[in-house]
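Counted from 1, the sequence shown has number 207 at position 110 by this note's numbering; the numbering is strictly sequential.
Among these hints, one or two may not hold up.
Quick list of in silico lysine-lysine cross-link-like pairs, DSS-like style, CA-CA up to 30 Å [unchecked claim]:
no., residue 1, residue 2
1, K300, K360
2, K360, K170
3, K354, K269
4, K151, K99
5, K324, K99
6, K300, K324
7, K170, K300
8, K269, K360
9, K170, K99
10, K269, K151
11, K269, K324
12, K353, K269
13, K353, K300
14, K300, K99
15, K324, K170
16, K354, K300
Keep in mind the hints are simulated off the structure, nothing from the lab.
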Amino acid sequence: MKLLSYHLAGRDTWGVVLGDGVAELAQRTGHATLADFIASPDFARRDALVAGLKAEAQLGDIRFLPVIPQPEKIVCAVRNYMDHHQEVLAAGMQRELSEQPPIFLRVWRSQTPHNGPIVRPRVSESLDWEGELAVIIGEGGRDIAEADAFQHVAGYSCYNDASVREWQFHAKQIASGKNFESTGGFGPWMVTADEIEPGRQLKLVTRLNGETVQSSHTGHMIFSIPKLIAYASTIFTLVPGDVIATGTPAGVGWSKKPPQFMKPGDVVEVEIEAIGTLRNPVVAQD
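Model the full structure from these sequences, guided by the hints.
Structure below.
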(Lines of atoms letter the chains of each structure in order from A and count residues from 1; the text may use other names and numbers.)
(Lines give C-alpha, C1' and ligand atoms only; values in the text may rest on other atoms or scores of the structure.)
Protein backbone atom coordinates (compact mmCIF):
# COMPACT_ATOMS: atom_id res chain seq x y z
CA MET A 1 0.00 0.00 0.00
CA LYS A 2 1.18 3.52 -0.82
CA LEU A 3 0.33 6.21 1.73
CA LEU A 4 1.10 9.89 1.28
CA SER A 5 0.62 13.38 2.68
CA TYR A 6 -0.67 16.09 0.36
CA HIS A 7 -2.41 19.44 0.01
CA LEU A 8 -5.73 19.78 -1.78
CA ALA A 9 -8.62 22.24 -1.69
CA GLY A 10 -6.87 24.59 0.68
CA ARG A 11 -5.85 22.12 3.37
CA ASP A 12 -3.18 19.58 4.26
CA THR A 13 -4.33 16.00 4.49
CA TRP A 14 -3.21 12.43 3.79
CA GLY A 15 -4.49 9.35 2.04
CA VAL A 16 -3.87 6.25 -0.04
CA VAL A 17 -2.67 6.01 -3.63
CA LEU A 18 -5.13 4.17 -5.87
CA GLY A 19 -3.78 3.80 -9.40
CA ASP A 20 -3.19 7.32 -10.73
CA GLY A 21 -5.33 8.88 -8.02
CA VAL A 22 -5.70 9.28 -4.29
CA ALA A 23 -8.44 8.75 -1.71
CA GLU A 24 -8.37 10.80 1.47
CA LEU A 25 -8.17 8.90 4.74
CA ALA A 26 -7.88 11.69 7.29
CA GLN A 27 -11.62 12.23 7.69
CA ARG A 28 -12.48 8.58 7.22
CA THR A 29 -10.19 7.43 10.03
CA GLY A 30 -10.28 10.46 12.33
CA HIS A 31 -6.49 10.71 12.30
CA ALA A 32 -5.32 14.19 11.34
CA THR A 33 -1.90 13.15 10.02
CA LEU A 34 -0.26 10.10 8.52
CA ALA A 35 2.02 9.90 11.56
CA ASP A 36 -1.05 9.80 13.82
CA PHE A 37 -2.46 6.96 11.73
CA ILE A 38 0.80 5.01 11.88
CA ALA A 39 0.77 5.37 15.67
CA SER A 40 -2.80 4.06 15.97
CA PRO A 41 -4.24 0.52 16.07
CA ASP A 42 -6.00 1.40 12.78
CA PHE A 43 -2.71 1.11 10.92
CA ALA A 44 -2.75 -2.66 11.38
CA ARG A 45 -6.17 -2.89 9.70
CA ARG A 46 -5.39 -0.50 6.85
CA ASP A 47 -6.33 -3.02 4.17
CA ALA A 48 -9.88 -3.23 5.51
CA LEU A 49 -10.10 0.55 5.78
CA VAL A 50 -9.28 1.13 2.12
CA ALA A 51 -11.18 -1.83 0.69
CA GLY A 52 -13.66 -0.67 -1.93
CA LEU A 53 -12.44 2.94 -2.00
CA LYS A 54 -12.11 4.78 -5.29
CA ALA A 55 -9.83 7.66 -6.17
CA GLU A 56 -11.30 11.09 -5.40
CA ALA A 57 -8.54 13.18 -7.00
CA GLN A 58 -5.77 12.58 -9.51
CA LEU A 59 -2.15 12.63 -8.42
CA GLY A 60 -1.61 15.41 -10.94
CA ASP A 61 -4.15 17.59 -9.12
CA ILE A 62 -2.62 17.43 -5.64
CA ARG A 63 0.41 19.17 -4.16
CA PHE A 64 2.59 16.58 -2.52
CA LEU A 65 3.86 17.15 1.00
CA PRO A 66 6.85 15.39 2.57
CA VAL A 67 5.62 11.90 3.42
CA ILE A 68 5.83 12.77 7.11
CA PRO A 69 5.68 16.59 7.08
CA GLN A 70 6.87 17.17 10.65
CA PRO A 71 8.62 14.09 12.02
CA GLU A 72 9.93 14.39 15.54
CA LYS A 73 13.30 13.12 14.35
CA ILE A 74 15.06 12.64 11.01
CA VAL A 75 18.06 10.44 11.75
CA CYS A 76 20.63 10.35 8.94
CA ALA A 77 23.43 7.85 8.49
CA VAL A 78 26.85 9.08 7.31
CA ARG A 79 28.97 7.20 4.73
CA ASN A 80 26.87 4.06 5.14
CA TYR A 81 27.65 2.51 1.73
CA MET A 82 30.99 0.81 1.15
CA ASP A 83 31.20 2.13 -2.42
CA HIS A 84 30.61 5.69 -1.16
CA HIS A 85 33.17 5.27 1.61
CA GLN A 86 35.73 4.16 -0.96
CA GLU A 87 35.01 7.12 -3.26
CA VAL A 88 35.42 9.50 -0.31
CA LEU A 89 38.85 8.02 0.37
CA ALA A 90 39.75 8.23 -3.32
CA ALA A 91 38.79 11.90 -3.32
CA GLY A 92 41.35 12.57 -0.60
CA MET A 93 39.28 12.65 2.58
CA GLN A 94 40.87 10.81 5.48
CA ARG A 95 38.11 8.73 7.07
CA GLU A 96 38.19 5.37 8.81
CA LEU A 97 35.31 2.95 9.14
CA SER A 98 33.75 3.32 12.57
CA GLU A 99 32.61 0.51 14.83
CA GLN A 100 29.22 2.14 15.31
CA PRO A 101 27.01 4.02 12.81
CA PRO A 102 27.90 7.72 12.49
CA ILE A 103 24.66 9.69 12.46
CA PHE A 104 23.36 13.27 12.50
CA LEU A 105 19.90 14.81 12.76
CA ARG A 106 17.92 16.85 10.25
CA VAL A 107 15.15 19.27 11.21
CA TRP A 108 11.76 18.93 9.54
CA ARG A 109 11.90 22.37 7.92
CA SER A 110 14.86 21.13 5.86
CA GLN A 111 12.51 18.80 3.96
CA THR A 112 10.84 19.37 0.61
CA PRO A 113 8.24 17.13 -1.06
CA HIS A 114 8.05 15.28 -4.34
CA ASN A 115 7.86 17.88 -7.14
CA GLY A 116 8.76 20.57 -4.60
CA PRO A 117 11.91 22.63 -5.15
CA ILE A 118 15.26 21.86 -3.62
CA VAL A 119 16.54 25.33 -2.80
CA ARG A 120 20.19 26.19 -3.35
CA PRO A 121 21.05 28.68 -0.60
CA ARG A 122 22.50 32.02 -1.62
CA VAL A 123 25.62 31.37 0.49
CA SER A 124 26.82 28.40 -1.57
CA GLU A 125 27.15 26.91 -5.03
CA SER A 126 28.13 23.43 -3.78
CA LEU A 127 24.69 21.83 -3.46
CA ASP A 128 25.17 18.08 -3.87
CA TRP A 129 22.72 15.17 -4.32
CA GLU A 130 22.52 12.09 -2.12
CA GLY A 131 19.87 9.54 -3.10
CA GLU A 132 18.84 7.43 -0.11
CA LEU A 133 16.35 4.89 1.16
CA ALA A 134 14.21 6.32 3.95
CA VAL A 135 12.75 4.14 6.70
CA ILE A 136 9.60 5.35 8.49
CA ILE A 137 9.19 4.11 12.03
CA GLY A 138 5.89 2.48 12.97
CA GLU A 139 5.91 1.06 16.46
CA GLY A 140 8.13 3.22 18.63
CA GLY A 141 10.48 2.10 21.36
CA ARG A 142 13.73 2.44 23.25
CA ASP A 143 16.61 -0.05 23.21
CA ILE A 144 15.15 -1.98 20.28
CA ALA A 145 17.04 -5.20 19.57
CA GLU A 146 18.35 -5.74 16.05
CA ALA A 147 16.41 -9.00 15.86
CA ASP A 148 13.16 -7.09 16.50
CA ALA A 149 13.94 -3.99 14.44
CA PHE A 150 11.91 -4.76 11.30
CA GLN A 151 8.79 -5.07 13.49
CA HIS A 152 9.20 -1.33 14.15
CA VAL A 153 9.22 -0.32 10.46
CA ALA A 154 6.00 1.14 9.06
CA GLY A 155 7.30 1.61 5.54
CA TYR A 156 9.87 2.94 3.12
CA SER A 157 10.30 5.98 0.90
CA CYS A 158 12.84 7.85 -1.23
CA TYR A 159 15.03 10.59 0.22
CA ASN A 160 17.49 13.06 -1.26
CA ASP A 161 19.82 14.15 1.54
CA ALA A 162 21.00 17.13 -0.49
CA SER A 163 24.10 18.62 1.08
CA VAL A 164 25.67 22.08 1.06
CA ARG A 165 29.21 20.81 0.95
CA GLU A 166 31.43 23.64 2.18
CA TRP A 167 29.06 24.23 5.10
CA GLN A 168 29.23 20.52 5.84
CA PHE A 169 33.01 20.83 6.05
CA HIS A 170 33.07 23.84 8.40
CA ALA A 171 33.74 21.46 11.28
CA LYS A 172 33.90 17.75 12.06
CA GLN A 173 30.19 17.94 12.85
CA ILE A 174 28.49 18.02 9.45
CA ALA A 175 24.94 19.03 10.42
CA SER A 176 25.29 22.65 9.31
CA GLY A 177 25.59 21.52 5.68
CA LYS A 178 22.64 19.16 6.00
CA ASN A 179 19.90 21.38 7.40
CA PHE A 180 19.37 24.28 5.02
CA GLU A 181 15.66 24.79 4.46
CA SER A 182 14.05 22.88 1.61
CA THR A 183 17.05 20.74 0.73
CA GLY A 184 15.94 17.27 1.86
CA GLY A 185 13.65 15.73 -0.76
CA PHE A 186 11.23 13.18 0.75
CA GLY A 187 8.61 11.24 -1.20
CA PRO A 188 6.58 10.75 -3.20
CA TRP A 189 4.87 8.32 -0.81
CA MET A 190 5.48 5.62 1.74
CA VAL A 191 5.27 1.98 0.67
CA THR A 192 4.15 -0.06 3.67
CA ALA A 193 6.62 -2.56 5.02
CA ASP A 194 4.49 -5.60 4.16
CA GLU A 195 5.20 -4.87 0.47
CA ILE A 196 8.99 -5.25 0.83
CA GLU A 197 10.63 -8.32 2.33
CA PRO A 198 12.89 -7.42 5.28
CA GLY A 199 16.49 -7.08 4.13
CA ARG A 200 15.62 -7.14 0.42
CA GLN A 201 18.28 -5.51 -1.75
CA LEU A 202 16.71 -2.57 -3.54
CA LYS A 203 18.23 -0.91 -6.59
CA LEU A 204 18.78 2.83 -6.12
CA VAL A 205 19.38 5.24 -9.00
CA THR A 206 19.85 9.01 -8.89
CA ARG A 207 19.55 11.05 -12.10
CA LEU A 208 20.49 14.66 -12.74
CA ASN A 209 18.71 16.09 -15.78
CA GLY A 210 18.08 12.54 -16.97
CA GLU A 211 21.70 11.42 -16.63
CA THR A 212 22.41 8.63 -14.13
CA VAL A 213 24.84 9.86 -11.48
CA GLN A 214 24.31 7.14 -8.85
CA SER A 215 23.48 3.49 -9.47
CA SER A 216 23.81 1.01 -6.64
CA HIS A 217 21.70 -1.11 -4.30
CA THR A 218 20.99 -1.27 -0.60
CA GLY A 219 23.06 -4.43 -0.22
CA HIS A 220 26.14 -2.17 -0.11
CA MET A 221 25.11 -0.70 3.24
CA ILE A 222 27.80 -0.96 5.91
CA PHE A 223 25.32 -0.78 8.79
CA SER A 224 22.01 -2.53 8.14
CA ILE A 225 18.57 -1.10 8.78
CA PRO A 226 18.20 -3.17 11.99
CA LYS A 227 21.58 -1.91 13.20
CA LEU A 228 20.61 1.71 12.52
CA ILE A 229 17.31 1.29 14.36
CA ALA A 230 18.94 -0.46 17.32
CA TYR A 231 21.69 2.15 17.57
CA ALA A 232 19.37 5.16 17.28
CA SER A 233 16.90 3.71 19.79
CA THR A 234 19.70 3.28 22.30
CA ILE A 235 20.18 7.05 22.25
CA PHE A 236 16.56 8.20 22.17
CA THR A 237 13.07 6.78 22.07
CA LEU A 238 11.93 6.31 18.49
CA VAL A 239 8.31 7.34 17.88
CA PRO A 240 5.86 6.63 15.05
CA GLY A 241 6.66 8.81 12.05
CA ASP A 242 10.35 9.19 12.82
CA VAL A 243 12.47 8.92 9.69
CA ILE A 244 15.81 7.19 9.24
CA ALA A 245 17.70 8.16 6.08
CA THR A 246 20.02 5.23 5.58
CA GLY A 247 22.93 6.80 3.70
CA THR A 248 23.91 7.31 0.07
CA PRO A 249 25.90 5.15 -2.35
CA ALA A 250 28.79 6.19 -4.59
CA GLY A 251 28.35 8.85 -7.23
CA VAL A 252 27.96 12.11 -5.32
CA GLY A 253 28.99 15.26 -7.14
CA TRP A 254 31.65 16.32 -4.65
CA SER A 255 33.83 13.29 -5.45
CA LYS A 256 33.89 13.89 -9.20
CA LYS A 257 36.90 15.49 -10.88
CA PRO A 258 36.08 18.28 -11.30
CA PRO A 259 33.26 18.37 -8.74
CA GLN A 260 29.73 18.65 -10.11
CA PHE A 261 26.92 20.27 -8.18
CA MET A 262 23.23 20.98 -8.64
CA LYS A 263 22.32 24.39 -9.96
CA PRO A 264 19.08 26.30 -10.50
CA GLY A 265 17.19 24.86 -13.46
CA ASP A 266 18.35 21.29 -12.82
CA VAL A 267 15.99 18.42 -12.07
CA VAL A 268 17.11 15.62 -9.76
CA GLU A 269 15.38 12.27 -9.39
CA VAL A 270 15.87 9.44 -6.90
CA GLU A 271 14.34 6.14 -7.98
CA ILE A 272 14.23 3.12 -5.69
CA GLU A 273 13.05 -0.30 -6.75
CA ALA A 274 9.59 -1.29 -5.41
CA ILE A 275 8.99 2.25 -4.10
CA GLY A 276 8.95 4.85 -6.87
CA THR A 277 10.65 8.03 -8.04
CA LEU A 278 11.21 11.24 -6.08
CA ARG A 279 11.56 14.23 -8.38
CA ASN A 280 12.73 17.74 -7.42
CA PRO A 281 13.56 20.82 -9.49
CA VAL A 282 16.41 22.92 -8.20
CA VAL A 283 15.90 26.65 -7.63
CA ALA A 284 17.90 29.50 -6.17
CA GLN A 285 17.03 30.97 -2.78
CA ASP A 286 15.01 34.16 -3.15
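request  = Measure nothing beyond the straight line between the CA atoms of K300 and K99; if it is 30 Å or shorter, mark the hint as holding.
outcome  = holds, 19 Å
task = Decide if the proposed pair is consistent with the structure: K269 and K324, CA atoms, cutoff 30 Å inclusive.
result = With Cα atoms ~23 Å apart, K269 and K324 stay inside 30 Å; holds.
request  = Given the hint that K269 pairs with K151, test it: the Cα-Cα distance must not exceed 30 Å.
outcome  = The given pair, whose Cα atoms are some 51 Å apart, is violated under the 30 Å limit.
message = What's the verdict on K269 and K360, does the C-alpha distance respect the 30 Å limit or exceed it?
response = holds, 26 Å
ask   = Given the hint that K300 pairs with K360, does the C-alpha gap stay at or below 30 Å?
value = holds, 26 Å
ask   = Are the Cα atoms of K353 and K269 separated by 30 Å or less?
value = Roughly 22 Å between the alpha carbons, so the hint for K353 and K269 holds.
request  = Decide if the proposed pair is consistent with the structure: K300 and K324, CA atoms, cutoff 30 Å inclusive.
outcome  = holds, 20 Å
inquiry  = Need the status of pair K354, K269: alpha-carbon distance at most 30 Å?
reply    = holds, 23 Å
query = Between K360 and K170, is the straight-line Cα distance small enough, at 30 Å or below?
reply = holds, 28 Å
request  = With a cut-off of 30 Å on the C-alpha distance, tell me whether K170 and K300 pass.
outcome  = holds, 26 Å
ask   = Are the Cα atoms of K324 and K170 separated by 30 Å or less?
value = Holds - the C-alpha atoms of K170 and K324 are around 17 Å apart, at most 30 Å.
request  = Decide if the proposed pair is consistent with the structure: K324 and K99, CA atoms, cutoff 30 Å inclusive.
outcome  = holds, 25 Å
The structure does not agree with numbered hint 10 stated previously, though it agrees with all others.
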